[in-house]
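Undergrad: Sequence:
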Amino acid sequence: MSGQAESAVEVVERPVPMRVLRAAEAQALAWKKRAEELSRAIKEAAAAGVSVGMLMESCRKIMAGVE
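So that you can map any letter, position 40 of the sequence shown is 40 in the numbering used here, and since no number is skipped, the others follow by simple counting.
For lysine to aspartate or glutamate, the following EDC-like pairs were computed, each having C-alpha atoms within a straight-line distance of at most 20 Å:
1. K61 with E44
2. K33 with E44
3. K43 with E57
4. K32 with E44
5. K61 with E37
6. K61 with E36
Okay, the calculated beta carbon distance ranges per label pair:
7. V20 with R60: 28 to 34 Å
8. A8 with E44: 47 to 53 Å
9. M63 with R22: 20 to 26 Å
10. E13 with G49: 50 to 56 Å
11. E10 with E36: 34 to 40 Å
Treat the hints as calculated values from the structure; they're not laboratory data. For every residue, glycine included, the Cβ atom is placed at its ideal position computed from N, Cα and C.
Using the sequences and the hints given, assemble the complete structure.
TA: Right, dumping it as structure tokens:
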């Protein structure tokens with residue numbers, strides 16, 4: 001044995017509606033886009049010497065999906 005305890009959790013396979021999968025994919029892509037925008041905003045702010053307050057405001061807008 002590898003020293004790991006055996007799991008007592010039963011795996012139940014069941015179909016997932018395609019609309020649920022598409023919604024999950026859309027949500028994941030939206031969060032990925034926001035993460036990329038945040039990364040870009042932070043890098044640009046650091047390069048330009050932007051104040052922390054202005055950076056925080058920009059980040060909040062990105063997370064809210066309005067920028």
